[in-house]
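Chain order of the listed sequences is Z and Y. Using the numbering used here, you'd call the opening residue of the first sequence number 1 and step up by one each time. Using the numbering used here, you'd call the opening residue of the second sequence number 1 and step up by one each time.
Check each hint, because a few of them may be wrong.
Each computed DSS-like pair below joins lysine-lysine, with the alpha-carbon atoms no more than 30 Å apart [to be verified]:
1) Y:K272 <-> Z:K238
2) Z:K8 <-> Y:K272
3) Y:K49 <-> Z:K39
Ranges of calculated distance between the beta carbons of each label pair, as one might list FRET restraints [said to hold, decoys possible]:
4) Z:S71 <-> Y:D78: 43 to 49 Å
5) Z:K2 <-> Y:D142: 48 to 54 Å
6) Y:K6 <-> Z:K39: 33 to 39 Å
7) Z:G40 <-> Y:D78: 41 to 47 Å
8) Z:K144 <-> Y:P86: 17 to 23 Å
9) Y:F87 <-> Z:K162: 51 to 57 Å
10) Z:R14 <-> Y:F87: 24 to 30 Å
11) Y:E208 <-> Z:K68: 21 to 27 Å
12) Z:D82 <-> Y:D78: 47 to 53 Å
13) Z:G222 <-> Y:A31: 33 to 39 Å
14) Z:K162 <-> Y:T202: 25 to 31 Å
15) Z:E26 <-> Y:K82: 55 to 61 Å
Per the computed footprint, the stretches of chain Z lying under chain Y, defined by three or more beta-carbons under 8 Å from a beta-carbon of chain Y, are [as the list claims (entries may be wrong)]:
16) 48–56
17) 194–208
If you're looking for bench data, these hints aren't it; they were derived computationally from the structure. No residue lacks a Cβ here, since even glycine has one placed at the ideal position from N, Cα and C.
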Amino acid sequence: MKPVLVEKPIEIARDHYLLRITGLPEPSAGQFVNIKIGKGTDPLLRRPFSVFNYSEGTTEIVIKIAGKGTSLLKVSEPGEIDAIGPLGMGFSVLKTGSALLAGGGVGNAPLYYLAKKLKESGTGVKFVYGARSSEYIYLLEEFKKVSDDLTVTTDDGSSGKKGLAAEEALAAGGADIIYTCGPAGMMRAISDGSSAPVEASMENYFGCGIGICSGCTIRTVGGLKRACVDGPVMEGKKIIWEELCR
Amino acid sequence: MDISVKIGKLTLKNPVTVASGTAGYGEELSAYIDISRLGAVFTKGLSIKPREGNRGNRIIETPSGVLNSIGLENVGLDEFLKFKLPFLLKSGATVIPNIAGHSEEENEELCDVLSHTAGIDAVELNVSCPNVKQGGMAFGTDITIFTRLLEKARKKTGGCLIVKLSPNVTDITEFAAAAELCGADAVSAVNTFLGMKIDIKTRRPHFENKVAGLSGPAIKPLAVRAVYQIYEKVNIPVIGIGGISGTEDALEFIMAGASAVSIGTMNMVDPKISVDIIDGIREYMDSKKIGGLAEIKGIAHIRSGE
């Protein structure tokens, strides 16, 4: 069965769109799909997008408009879509206790599906939803449904608490594990400051997405790891963040 | 229909190979294709000791192309022989290791060990990587250094020796001719073109090594030109590489004079593309009633009326 985009991408917040695709196998939380945009050679490389949700055969992703590729993708017409996936290593889903989920911007998306899976296993979910400002917040009601407790932070205070999601997450503390996805600076602050284990979903530039080019390599205490096949989810405390945050 | 290809004493089952650096050690691609179907798998450039590669940004898309600065990250000779090669051979693949040593001595040793390893009938000497400071491209851009390396490598290489040429020279045919004189069995043309990206936000080069290698469809006409010119100058087979993204591109290289082709960057976009091109070449030959590749190899050089 070939992947099909079931409807035009739906605008869910400023610069953010929801795409619904059928024909892809069921993912685990934190995996991604790799999409070729258009049939030509420009844009050339596939673009990786974390899975936001999967339900009854439909895979949902959230894209953030970042450049030429995503600008073309957001105006896609329904029909066949060249998507490979799900790919990569996702989050470990804690089966008991409590988890803290901290997302930044488009990085909140994979944490939604994770929260849903955590809830299904009976794990407590505290969610810190970080965004630049209120206009960039998407599908918040859906996130609330899969969280026992959800706090919004914005950089400018236009919604929720003014401040950084990383600070809010660290202040909350008490969880058995922290899952995070967002800008490198945010994930670094959480990895450095947390006493609990941290799983971070990397958002660096991918070449192939299937492990052949070594373009997305992350330096860790265990040596170089390819974000696309060894990740995108990695142990936050093992990542050498200085390399990513220069 | 016979689409096998002779490279020195080596016979490839078909002319479609995957290029070094875009196929890893075959493991990842084998999730998408049967790698035993390929003419050959050119594995990631090897050094004796494992190499970490370059720091910082390593890859970025350009219009119809890719700039990379991986820096020959590889597992090193021991791990290659112990784990990577057995996997490839078990999969039934024809393996051609790419050798990318820092020094003449390192290249000699790699040629010696690899060409005398069971299951390896050919090696490809990489004299053209633009992304490592020592050695690398210097071997491929200075004709004196190039010739000296090849003379030594030839003596140490038991089987077929293929030389991967750098396009970052004024006249690539000089290097191809020197390779032939030194006893190389074939040349691969071409490696990546030197390119650069400036980040206008930081106002600095995007890559730590400043320059990077450009590949992908953007370089295809440049590579076709190189293959065409080399074919006129030498008698050894040419393996054409540069932005091949479909059967028509592969045919273009063959008509320019390539005996075989390598798929590089496009493996990253479509991991199944190489086997699709094998099928495509067969279909083309079938539809044009062509019995063997020799009928079209270099055909672009024949003037009408000849």
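Evaluated hints:
1. Y:K272 <-> Z:K238: 34 Å, violated
2. Z:K8 <-> Y:K272: Distance ~28 Å between K8 of chain Z and K272 of chain Y Cα, so the pair holds.
3. Y:K49 <-> Z:K39: 41 Å, violated
4. Z:S71 <-> Y:D78: 43 to 49 Å: At roughly 47 Å between Cβ atoms, D78 of chain Y and S71 of chain Z fall inside 43 to 49 Å, so the hint holds.
5. Z:K2 <-> Y:D142: 48 to 54 Å: Taking Cβ atoms as reference, K2 of chain Z and D142 of chain Y lie about 51 Å apart, which means the hint holds.
6. Y:K6 <-> Z:K39: 33 to 39 Å: Given about 36 Å between the Cβ atoms, the range holds.
7. Z:G40 <-> Y:D78: 41 to 47 Å: 43 Å, holds
8. Z:K144 <-> Y:P86: 17 to 23 Å: Since the Cβ atoms of K144 of chain Z and P86 of chain Y sit about 52 Å apart, the hinted range of 17 to 23 Å is violated.
9. Y:F87 <-> Z:K162: 51 to 57 Å: 54 Å, holds
10. Z:R14 <-> Y:F87: 24 to 30 Å: 48 Å, violated
11. Y:E208 <-> Z:K68: 21 to 27 Å: At 25 Å between Cβs, range holds.
12. Z:D82 <-> Y:D78: 47 to 53 Å: 39 Å, violated
13. Z:G222 <-> Y:A31: 33 to 39 Å: Between G222 of chain Z and A31 of chain Y, where Cβ atoms are some 23 Å apart, the hint is violated.
14. Z:K162 <-> Y:T202: 25 to 31 Å: 28 Å, holds
15. Z:E26 <-> Y:K82: 55 to 61 Å: Hint violated: Cβ distance 36 Å, outside 55 to 61 Å.
16. 48–56: violated (count 0)
17. 194–208: Coverage by chain Y holds here, the residue count being 3 at a Cβ distance below 8 Å.
This entry does not satisfy hints 1, 3, 8, 10, 12, 13, 15 and 16, going by the numbered hints stated previously.
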